Amino acid sequence: MVLSTFQIILLFLVAAVAGMGSVLDSFQTHRPLVACTLVGLVLGDITTGIILGGTLELIALGWMNIGAAQSPDSALASIISAMLVIIGNQPIATGIAIALPVAAAGQVLTVIARTITVMFQHAADKYAESGNFRAIDFCHIGALVIQALRVSIPVLLIALFVSPAGVQNLLALIPAFITTGLKVASGFIVVVGYAMVINMMGAKYLLPFFFLGFVIAGFTTFNLVAFGVLGLFCSIVYVQLNPKFQMNQTAVADISSASNSIDDELDN
Amino acid sequence: MDIKKSLTKGDLINMFIRTNFQQASFNFERIHALGFCFNMIPAIKRLYSLPEDQTSALKRHLSFFNVTPACVGPVLGVTAAMEEAKANGAQIEESAINSIKIGMMGPFCGVGDPIFWGTLRPITAALGASIALTGSVLGPILFFTLFNLARLAALWLGLFYGYKKGLDLVLNELKGNKLQKITEGASILGFFVMGALVSKWTVINVPVVISQIASPDGSIITTTLQNIFDQLMPGLLGLGLTLLVCKLLKMRISPIMLIFMLFAVGIIGSALGILA
Numbered sequence: 001m002v003l004s005t006f007q008i009i010l011l012f013l014v015a016a017v018a019g020m021g022s023v024l025d026s027f028q029t030h031r032p033l034v035a036c037t038l039v040g041l042v043l044g045d046i047t048t049g050i051i052l053g054g055t056l057e058l059i060a061l062g063w064m065n066i067g068a069a070q071s072p073d074s075a076l077a078s079i080i081s082a083m084l085v086i087i088g089n090q091p092i093a094t095g096i097a098i099a100l101p102v103a104a105a106g107q108v109l110t111v112i113a114r115t116i117t118v119m120f121q122h123a124a125d126k127y128a129e130s131g132n133f134r135a136i137d138f139c140h141i142g143a144l145v146i147q148a149l150r151v152s153i154p155v156l157l158i159a160l161f162v163s164p165a166g167v168q169n170l171l172a173l174i175p176a177f178i179t180t181g182l183k184v185a186s187g188f189i190v191v192v193g194y195a196m197v198i199n200m201m202g203a204k205y206l207l208p209f210f211f212l213g214f215v216i217a218g219f220t221t222f223n224l225v226a227f228g229v230l231g232l233f234c235s236i237v238y239v240q241l242n243p244k245f246q247m248n249q250t251a252v253a254d255i256s257s258a259s260n261s262i263d264d265e266l267d268n
Numbered sequence: 269m270d271i272k273k274s275l276t277k278g279d280l281i282n283m284f285i286r287t288n289f290q291q292a293s294f295n296f297e298r299i300h301a302l303g304f305c306f307n308m309i310p311a312i313k314r315l316y317s318l319p320e321d322q323t324s325a326l327k328r329h330l331s332f333f334n335v336t337p338a339c340v341g342p343v344l345g346v347t348a349a350m351e352e353a354k355a356n357g358a359q360i361e362e363s364a365i366n367s368i369k370i371g372m373m374g375p376f377c378g379v380g381d382p383i384f385w386g387t388l389r390p391i392t393a394a395l396g397a398s399i400a401l402t403g404s405v406l407g408p409i410l411f412f413t414l415f416n417l418a419r420l421a422a423l424w425l426g427l428f429y430g431y432k433k434g435l436d437l438v439l440n441e442l443k444g445n446k447l448q449k450i451t452e453g454a455s456i457l458g459f460f461v462m463g464a465l466v467s468k469w470t471v472i473n474v475p476v477v478i479s480q481i482a483s484p485d486g487s488i489i490t491t492t493l494q495n496i497f498d499q500l501m502p503g504l505l506g507l508g509l510t511l512l513v514c515k516l517l518k519m520r521i522s523p524i525m526l527i528f529m530l531f532a533v534g535i536i537g538s539a540l541g542i543l544a
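Taken in order, these protein sequences are the chains called A and B.
One point on numbering: in this note's numbering, the residue at position 128 of the first sequence is 128, and numbering is uninterrupted.
One point on numbering: in this note's numbering, the residue at position 32 of the second sequence is 300, and numbering is uninterrupted.
These aren't lab readings, by the way, just hints derived from the structure by calculation.
Careful: at least some of the hints might be erroneous.
As the list claims (entries may be wrong) - Ranges of calculated distance between the beta carbons of each label pair, as one might list FRET restraints:
no., chain 1, residue 1, chain 2, residue 2, range
1, B, Ala-358, A, Thr-220, 31 to 37 angstroms
2, B, Leu-417, A, Gln-240, 23 to 29 angstroms
3, A, Leu-41, B, Gln-499, 44 to 50 angstroms
4, A, Phe-222, B, Gly-486, 54 to 60 angstroms
Claimed, not checked - Straight-line C-alpha distance at most 16 angstroms; calculated EDC-like pairs for lysine to aspartate or glutamate:
no., chain 1, residue 1, chain 2, residue 2
5, B, Lys-327, A, Asp-45
6, A, Lys-126, B, Glu-320
7, B, Lys-272, B, Glu-352
To be verified - Incomplete in silico selection of chain A near chain B, CB under 8 angstroms:
no., residue
8, Asp-45
9, Val-118
10, Ala-128
11, Phe-138
12, Phe-161
13, Ile-174
14, Phe-177
15, Gly-187
16, Ala-203
17, Leu-207
18, Gly-228
19, Leu-230
20, Tyr-238
Fair warning: this is a prediction, and the values are worked out from it, not measured in the lab.
Even glycine gets a Cβ: it sits at the ideal position worked out from N, Cα and C.
Generate the whole structure from the sequences, applying the supplied hints.
The structure is reproduced here in structure tokens:
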């Protein structure tokens, strides 16, 4: 397929939205599930976009920014891999192989962008001296534009020069044993994400619940909703029975009225 | 006597909208400093009319700040309530406002990271992705809607409640164990679902043939290493790999490095026929 000017403009905008989502980490437009779907919509093959998005989302499940530490960049990775897969008519597995190196490159770009924005911080300091509210707002939002361009400029360059034949020729250069290997690896690369979540949670004494979930999943065909509900019950029962919380609650019950203590229990 | 200055509902709504852009100017020097100031601007405009008061308030809120973006609401609310009291003549030192802000940063990161990044996002994303793999647009929509509803509710309720309760919230409510209960409960839910995901969605197959036995009816029963692992416990290899990666991450090996290492394992393993 050949991209129309309109599609190139839309890709630029989608990339900008994903880039902003990546730094804001609020609306989640930088997550593969959302970004790949939007690229699919623009390129007229939304189904491929959704499936690729779901596949990459599982790999990126635990990628998160904690404090000042940066995760691999899902925004750039999602958009570029979705573009190349759809334009070059490639299988989903190829999309994974494209996404991961791009995520590493995007991580470098985001670190650069977040260093550049120190300048906006300093400019805001100056405007604070003169009490210039509008200029401070402008600094804050201006920094967001840098983050949008961080993703949309590389995407624009690729959109301008990419051709289906070019993508296919380029990907044909990758030997078959590598693509098979990448496909095999994508089955277990998800554990990096799981491990990041487990390490971040910290509370080691709660690990039995992790193994409980693991064992139940191994021997049943429950879906995720069932696990969500079971997990919720576990946490409610644990918090209700935990002596650590119990002691405080009786102390509260002593001073407050009976009806209040019932409220407290319902709140749990 | 002056008329008591207070924030209007419009100011709070303006601040709520601004909290969605908390991290726009994320930088490695002071992280969310400018973001917090940006959020406070409607309050500063309302509460202080003298230019020098405005300037000192702006500078006060350009100091280092960092919190899980979805949890900025309560911190912003309490800070706005303190500024309001100060603007109405209460004896509140500048350093008191700053130390309350810094003091709330830790607890709300401690609550926000496990709840939003450890539990809510992985669970809603996994749910959305499992639907998306069938090609249904419901997957991305479900993820986007569920996550954002929870996030917006936390921002608005946090801001509103923080502002209304003001210092009470810091001095009394947070001393109780409500936050700890919520964090602990969310962590359990997160761990539980993560355990299920490790079992269900990690695909490792070791097709090394251990034995081939001809059964009485003539067909040949092949037993691979994978069959034996599955008999012991389905997903055992995935579990082992997850725990190994946890250890490696704690040794400060970066996630992207680990991903490339696992890629190498996949390529070498499949070339040798150990992995499929």
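Hints, verified against the model:
Separation of Ala-358 (chain B) from Thr-220 (chain A) is about 59 angstroms and departs from the stated range, judged on CB atoms against 31 to 37 angstroms. For Leu-417 (chain B) paired with Gln-240 (chain A), a C-beta distance near 27 angstroms keeps the hint of 23 to 29 angstroms intact. In this structure the supplied range 44 to 50 angstroms holds for Leu-41 (chain A) paired with Gln-499 (chain B), their Cβ-Cβ distance being about 45 angstroms. Checked against the given bound of 54 to 60 angstroms, the beta carbons of Phe-222 (chain A) and Gly-486 (chain B), roughly 38 angstroms apart, lie outside it.
Distance check on the hinted pair: Lys-327 (chain B) and Asp-45 (chain A) sit about 50 angstroms apart at the alpha-carbon level, beyond 16 angstroms; violated. Taking the CA atoms of Lys-126 (chain A) and Glu-320 (chain B), the gap is near 14 angstroms; set against the 16 angstroms cutoff, the hint holds. Among the hinted pairs, Lys-272 (chain B) with Glu-352 (chain B) is consistent with the structure: their alpha-carbon atoms are about 9 angstroms apart, no more than 16 angstroms. This hint is violated: Asp-45 (chain A) has a C-beta 11 angstroms from the nearest C-beta of chain B, more than the 8 angstroms allowed.
A distance limit of 8 angstroms between C-beta atoms decides the matter here; for Val-118 (chain A) the minimum to chain B is near 5 angstroms, and the interface restraint holds. The closest approach between the C-beta of Ala-128 (chain A) and any C-beta of chain B is roughly 4 angstroms, which is under the 8 angstroms cut-off, so the hint is satisfied. Contact between Phe-138 (chain A) and chain B, as hinted, is not supported at the beta carbon level, the nearest pair being about 10 angstroms apart and thus beyond 8 angstroms. Taking 8 angstroms as the C-beta contact cut-off toward chain B, the hint placing Phe-161 (chain A) at the interface is violated, the least distance being around 26 angstroms.
Restraint check, Ile-174 (chain A) versus chain B: the minimum CB separation of about 11 angstroms is more than 8 angstroms; hint violated. The interface hint given for Phe-177 (chain A) is met, as the beta carbon of that residue sits about 5 angstroms from the closest beta carbon of chain B, less than 8 angstroms. With its C-beta approaching chain B no nearer than about 3 angstroms, Gly-187 (chain A) sits inside the 8 angstroms limit, and its interface hint holds. Because the closest C-beta pair between Ala-203 (chain A) and chain B is about 5 angstroms apart, less than 8 angstroms, the hint holds.
About 7 angstroms separates the beta-carbon of Leu-207 (chain A) from the nearest beta-carbon of chain B, less than 8 angstroms, and the hint is met. For Gly-228 (chain A), the interface hint holds, since its Cβ comes within 8 angstroms of a Cβ in chain B; the closest pair sits about 6 angstroms apart. Nearest Cβ of chain B to the Cβ of Leu-230 (chain A): about 7 angstroms, under the 8 angstroms cut. The hint holds. A hinted interface residue such as Tyr-238 (chain A) counts as satisfied when its beta carbon comes closer than 8 angstroms to some beta carbon of chain B; here the least separation is about 6 angstroms, so the hint holds.
Going through the hint list in order, the structure does not satisfy hints 1, 4, 5, 8, 11, 12, 13.
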